[in-house]
Amino acid sequence: MDTLKWLLLSGAVLLVGHLAYRVIRFGGFKAALFGAPIASTVARIVGSDQGTVKMPLTVYRLGGNDPDKVVGLALEASSFASYQTLTVSLSESKVRELIQSLQSALGNGETEAG
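Quick note on my numbering: the sequence shown kicks off at 4 and runs consecutively.
Because the hints were derived from the structure by calculation, they are not lab data.
Treat the hints with care, since some could be wrong.
Stated by the list, open to error - No more than 30 angstroms apart at the CA atoms, straight line, and that leaves these computed lysine-lysine pairs for DSSO-like:
{"no.": "1", "residue 1": "LYS57", "residue 2": "LYS72"}
{"no.": "2", "residue 1": "LYS97", "residue 2": "LYS57"}
{"no.": "3", "residue 1": "LYS97", "residue 2": "LYS33"}
{"no.": "4", "residue 1": "LYS97", "residue 2": "LYS72"}
{"no.": "5", "residue 1": "LYS33", "residue 2": "LYS57"}
{"no.": "6", "residue 1": "LYS72", "residue 2": "LYS33"}
Said to hold, decoys possible - Okay, the calculated beta carbon distance ranges per label pair:
{"no.": "7", "residue 1": "GLY20", "residue 2": "ALA80", "range": "24 to 30 angstroms"}
{"no.": "8", "residue 1": "LYS8", "residue 2": "GLY110", "range": "28 to 34 angstroms"}
{"no.": "9", "residue 1": "ASP52", "residue 2": "THR6", "range": "21 to 27 angstroms"}
From the three backbone atoms N, C-alpha and C, an ideal C-beta is built for every residue, glycine too.
Produce the entire structure from the sequences given, and follow the hints as far as they go.
In structure tokens:
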């Protein structure tokens, strides 16, 4: 039992240490989630009211030299007693694909398979 306790404690220390390293390396908790430093906040879009749950979408310009992490999107869901953040990092080509999909959704409602 003592060995199991030490293994669990070691795993927890490694996990917290890795997160702390990423927070320091990228300059903040949210940047650590993106895996790249945040250069600037571009926009914060609040969708329609979902009752007690607020779900803004925040667009970030990411820094660093990784071409696969140019733009970051964060969807934050918060209510009275909970908070959750979902993040995604996008390359320039994926950003253009997203823009095209959003423009298509605004247009005639048809989307192209791809």
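Quiz item: Hint by hint, which ones does the structure fall short of?
Solution: Structure breaks hints 8 and 9.
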